[in-house]
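Engineer: Letter by letter, the chains look like this.
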Amino acid sequence: MTRWIYKLPLRLRSLFRKRSVERELSDELRFHLDQLTEQNVSKGMTPEEAHYAALRELGGLAQIKEKCRDMRRVNLIGTFLQDLHYGLRQLRRNPGFTAVAVITLALGIGAPTAIFSIVDSVLIGPLPFKHSSRIVTVWETNRSGRKTRVSILDFRDWKAEAHAFTQMAEFSGSFPVSAVGGNEPVRVDATTVSEGFFKVLGVQASLGHIFLPEEHKYGAPHTVLISYAFWQQVFGGDRTVLGKLLDVSGIPCVIVGVLPAGVGFPAHVQVWAPDELFPHPRSRSARHFQVIARLKPGVSLESANAEMRAISRRLALEFPTTNAKIGAVVLPMQAELTSSIKPTLELLFAAAGLVFLIACANVSNLLLSRASARRRELALRSALGAGAWRLVRQLLSESALLSLLGGGLGLVVAVPSMHLLNALRPADLPSASRIVLNGWVLLFIALLALAANAMMGVVPALKASRVDPSEWLKGAGHTAVHRDSRMRSGVVVAEVALSLILLIAAGLIIRSLVSLDHVNLGFNPHHVLVMDISLPGENPSARRRVASFYQDLLQRIRATPGVVSAGAGLPLPVVDLGIWWGGAINIEGREATSPSEMARAAYHLITPGYFGTLEIPIIAGREFTWHDNAKNPAVAIINEAMARRDWRNKNPLGQRLNLASLAGDKTWLTIVGVVGNVAERGLQGEPGPDVYVPYAYYPGNSTRMTIAVRTLGNPTNFSAVLRREVHNLNPAVPAQFRTMSDIISAPKRAPRVRAVLFGVFAGLALMLAMVGTYGVISYSVSKRYQEIGIRMALGAQKGDVLKSILQQGAVLFVLGAVGGVAGSLIATRLMTGLLYGVGSTDPLSFIVAITLLGATSLVACSIPAHRAMKVDPAVALRHE
Amino acid sequence: MGKPSDLIQGTLDMLILKTLALEPMHGWGIAQRIRQVSKEVLQVHQGALYPALHRLEQNGWIRAKWADTDNNRRAKYYLLTAAGRKYLQREEANWKRLSSAIGLLLEMS
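These protein sequences, in sequence, are chains A and B. Residue 312 in our numbering sits at position 312 of the first sequence, with consecutive numbering throughout. In our numbering, each residue carries its 1-based index in the second sequence increased by 880.
Read the hints as simulated data drawn from the structure, not as lab findings. On a predicted model such as this, the values are computed, not experimentally measured, just so you know. Do not rely on the hints blindly, as some may be mistaken.
What the hints assert, rightly or not - Okay, derived cross-link-like pairs now, DSSO-like style, lysine-lysine, Cα gap no bigger than 30 Å in a straight line:
1) A:Lys217 / A:Lys244
2) A:Lys296 / A:Lys130
3) A:Lys296 / A:Lys147
4) A:Lys67 / B:Lys966
5) B:Lys919 / A:Lys342
6) A:Lys18 / A:Lys159
7) B:Lys976 / A:Lys65
8) B:Lys945 / A:Lys7
9) B:Lys966 / B:Lys976
10) A:Lys67 / B:Lys945
11) B:Lys919 / B:Lys966
12) A:Lys130 / A:Lys199
13) A:Lys67 / B:Lys919
14) A:Lys18 / B:Lys919
15) B:Lys966 / A:Lys7
16) A:Lys130 / A:Lys147
17) B:Lys919 / A:Lys43
18) A:Lys296 / A:Lys217
19) A:Lys7 / B:Lys919
20) A:Lys18 / B:Lys945
21) B:Lys945 / A:Lys65
22) B:Lys919 / A:Lys65
23) A:Lys7 / A:Lys43
24) A:Lys783 / A:Lys798
25) B:Lys919 / B:Lys945
Said to hold, decoys possible - Here are the in silico distance ranges between beta carbons for each label pair:
26) B:Arg977 / A:Glu66: 31 to 41 Å
27) B:Asp948 / A:Asn94: 52 to 62 Å
28) A:Ala446 / B:Leu959: 52 to 62 Å
29) B:Asn974 / A:Asp34: 34 to 44 Å
30) B:Asp948 / A:Leu442: 51 to 61 Å
31) A:Ala810 / B:Arg977: 50 to 60 Å
32) A:Ser26 / B:Arg977: 35 to 45 Å
33) A:Met869 / B:Asn974: 47 to 57 Å
34) B:Asn952 / A:Ile5: 27 to 37 Å
35) B:Leu959 / A:Glu346: 53 to 63 Å
36) B:Asn952 / A:Leu88: 52 to 62 Å
37) A:Ser26 / B:Leu902: 21 to 31 Å
38) B:Asn974 / A:Ala446: 42 to 52 Å
Built from N, CA and C at the ideal position, the CB exists for glycine as well.
From just these sequences and the hints, can you work out the full model?
Structural biologist: In structure tokens form, the structure reads like this:
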């Protein structure tokens, strides 16, 4: 092998410096000619004669040069082409083997490639904005350090004081609206944005213009920007769309611009309007908005964070009622958006990696069996002079062809999967980062193919190269078969173990999904329309009107035909995910001096009818009535979780508490009811303690409530008539409508896709393991024909033969299962973050997976077993 | 000078390597040396010599270096590599075994 130190530079020179190599050859031969001429001269010839004599003796210079060139060329490309040609012939002659190997490789390479393409577009690739790494999201943090949305007044102060950003803008998240551009109303996601929003993103309109400053003023004519996709879909790409009207939830807006193709933020939003379209709550504690900003050049994330923290501290001092303990945090946009999906992607990547390994193991086994079968041929070639390295190279180029074909087919497998996988992207990513086939993905697939080749080709090739010709030509060599089959069995055991890990993981994920589907919400989400209302409440007189507003509105809504019941609350379960409001509870009789020693619970402001509309069971006591608004006495309702935690065996009714975290409020509230628990926060986690208080007690906080309306029939049919009711009461109040069912199903989208993908991978792994088991058992049976024949001739029954073969398969299975269980116990512990309702050692999943694997192993063994049983002893004894 | 004897390729390789084992030399010098030492019996033709030298170089058993001769001419000198030395040893051993076996057979009478 040390020869390569000399051979490699030589080969490279022949390739790249041909001219100088040629010149050397000429020089070398000319030197020889000169020497020969000199010799002739010393023998007495004249210089001219000597020269010609030398030429004659040298013979054809051209031929010599050609022969020398041949020596170089043949070693370089010739053998390579020879190997390739031979390899192709071999593959063509064994179409079955080739097909199985190529398809196996295609699946094994295609799966990780598809996942990698998501990883590339979601985690690695840049967002489709200018210098996207400089774009950040800014959040407020509540007293527990968790990040929350931002209030408009805080945002304005930030914008005025922060120096770390070139631009800062807020947007109101995305909400569905009904847009009418042509004839049909279309449901799309929309958002309202502040001035400078598009400048933060670095986006210009492709048609028309982004919002001008004057369009961001109250009282200006309503304008909107639409996305490219929306433009194509609703207006057919009509370039005269500028100036046309788009009716957005009943408000006519003028279209002033179209965004470029594939650009948008937040994800799925198709319509942007200036903030001023829907008047927003002016309260400093209404934390409703999200903020994005662009860092100034040269400003680091840390310094931006430091500045924002300082500003928040100043605000906390200036507005202790609303901003005490409120901080701020600056996060890079990309990491932000992908943090939810990162664990899933990592897990899927690991799963796909396992599939890849199993596929390589399978093909490696196939190659091993083939190498054994070709031992005689290889021994012959070795005896005829082929070096060991030559044989290895031959076999490697065959497996290289396989990897090439497998990789190519894998690409074909991966591309349609990528389209399907677009659904997996987190909802927040800009719709532009579509999963595409780019250079990185191609590079990845090439690397995988190379890795596959290395893994599965090297071992069989090395084994084959060490043949001893004499041993094989004599016809012996059964011992070599045993060594081989032990290695093959080992590989299959590994395969079985790996596929068991995948099966168990898939089982856990599927069970999580089922649990999620059956989670007890604690209320009835069907036939419920959800209305988001924002009232003006910036001065005391406005606040006084808040109480009566809701009372009137709910009365009118209830009077609407088709409405069963209605009630409002803040926050509504599951709906208002971004809002969590809570704090310390001061229980009478257990006074603690500081809030940090008190019990904690979530606060809810509600109207009468809330529990009835959502069908939350009242376990003890009663619901609120409108009389309770008078605070005579002031009342509260708690949920089961709180009752159990704080009043374990006693009756909480009649006990008193106050909401200690509302600074300045010391009103004692009497508990008049206990209600059932309600699922919180994205359907996961245990329900926590909740305390419900009539909204009228805190009008400043009630300016933005969510109204739940239970209807007969489809809730969406009621949005128009209910909007009119709101409008009749107060035209300045915007209302947005969604259905509860839509809201509930959103958090289940990702787990569903996860479950499907995992199921697919596990299924692939199972299939591959089955093929692998079949291959090994079948091959060993075929090698043991003679032995089986002898045993049958000596009196063994068919049943005994069957038993021995099944035993062989059982050993493989048991060893693999043990390894798989051990591996799963470790692997599933890494998955606990994604599981819901099942532990990482859930026995049911383990048992089902093992049973499934056992069944397929049995099937895999039974086919060769059947063949073994049909062996005719007479034929077998003659078989070699 | 008589017809140059036909030498099997492997044997020619061995002779070249043996010559180089003593000292580095250029193609012309190798041919001369072989002729001299074999007392004019073995005359290697250039049509066989240079292809053989290039093949041996490609296989990594010898390597080349351009240097000046005594007469200040540029010539391509060849040297034996470590792998080449090992190969030579193996081939020599094989040859000795073969020739003694043939010798025994020929002595049979």
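Engineer: All hints, please: hold or fail.
Structural biologist: Hints, one by one, checked against the model:
1. A:Lys217 / A:Lys244: Given pair lysine 217 of chain A, lysine 244 of chain A holds - Cα atoms ~20 Å apart, limit 30 Å.
2. A:Lys296 / A:Lys130: holds (13 Å)
3. A:Lys296 / A:Lys147: holds (23 Å)
4. A:Lys67 / B:Lys966: holds (26 Å)
5. B:Lys919 / A:Lys342: At roughly 82 Å apart (the allowed maximum being 30 Å), lysine 342 of chain A and lysine 919 of chain B break the hint.
6. A:Lys18 / A:Lys159: Judged against 30 Å, a Cα distance of about 67 Å means the pair is violated.
7. B:Lys976 / A:Lys65: violated (34 Å)
8. B:Lys945 / A:Lys7: Within the cut-off at roughly 14 Å; holds.
9. B:Lys966 / B:Lys976: holds (16 Å)
10. A:Lys67 / B:Lys945: Answer holds: lysine 67 of chain A to lysine 945 of chain B is near 21 Å, not above 30 Å.
11. B:Lys919 / B:Lys966: holds (27 Å)
12. A:Lys130 / A:Lys199: holds (10 Å)
13. A:Lys67 / B:Lys919: The hint holds at about 28 Å.
14. A:Lys18 / B:Lys919: Violated, at roughly 39 Å.
15. B:Lys966 / A:Lys7: This hinted pair holds, its Cα atoms lying about 16 Å apart.
16. A:Lys130 / A:Lys147: Answer holds: lysine 130 of chain A to lysine 147 of chain A is near 26 Å, not above 30 Å.
17. B:Lys919 / A:Lys43: Since the Cα atoms of lysine 919 of chain B and lysine 43 of chain A sit roughly 19 Å apart, the hinted pair holds (cutoff 30 Å).
18. A:Lys296 / A:Lys217: holds (27 Å)
19. A:Lys7 / B:Lys919: violated (35 Å)
20. A:Lys18 / B:Lys945: holds (17 Å)
21. B:Lys945 / A:Lys65: OK: lysine 945 of chain B and lysine 65 of chain A at ~19 Å, within 30 Å.
22. B:Lys919 / A:Lys65: Holds, at roughly 29 Å.
23. A:Lys7 / A:Lys43: violated (41 Å)
24. A:Lys783 / A:Lys798: At roughly 18 Å apart (the allowed maximum being 30 Å), lysine 798 of chain A and lysine 783 of chain A satisfy the hint.
25. B:Lys919 / B:Lys945: Judged against 30 Å, a Cα distance of about 29 Å means the pair holds.
26. B:Arg977 / A:Glu66: 31 to 41 Å: holds (36 Å)
27. B:Asp948 / A:Asn94: 52 to 62 Å: holds (59 Å)
28. A:Ala446 / B:Leu959: 52 to 62 Å: Because 40 Å falls outside the window, the suggested range is violated.
29. B:Asn974 / A:Asp34: 34 to 44 Å: holds (37 Å)
30. B:Asp948 / A:Leu442: 51 to 61 Å: Distance hint for aspartate 948 of chain B, leucine 442 of chain A holds at roughly 52 Å.
31. A:Ala810 / B:Arg977: 50 to 60 Å: holds (54 Å)
32. A:Ser26 / B:Arg977: 35 to 45 Å: Holds, at about 41 Å.
33. A:Met869 / B:Asn974: 47 to 57 Å: holds (53 Å)
34. B:Asn952 / A:Ile5: 27 to 37 Å: For asparagine 952 of chain B and isoleucine 5 of chain A the Cβ distance comes to about 31 Å; the hint holds.
35. B:Leu959 / A:Glu346: 53 to 63 Å: holds (56 Å)
36. B:Asn952 / A:Leu88: 52 to 62 Å: holds (54 Å)
37. A:Ser26 / B:Leu902: 21 to 31 Å: holds (28 Å)
38. B:Asn974 / A:Ala446: 42 to 52 Å: Given a distance of about 44 Å, which is inside 42 to 52 Å, the answer is holds.
Violated hints, in rising order: 5, 6, 7, 14, 19, 23, 28; the structure is consistent with all others.
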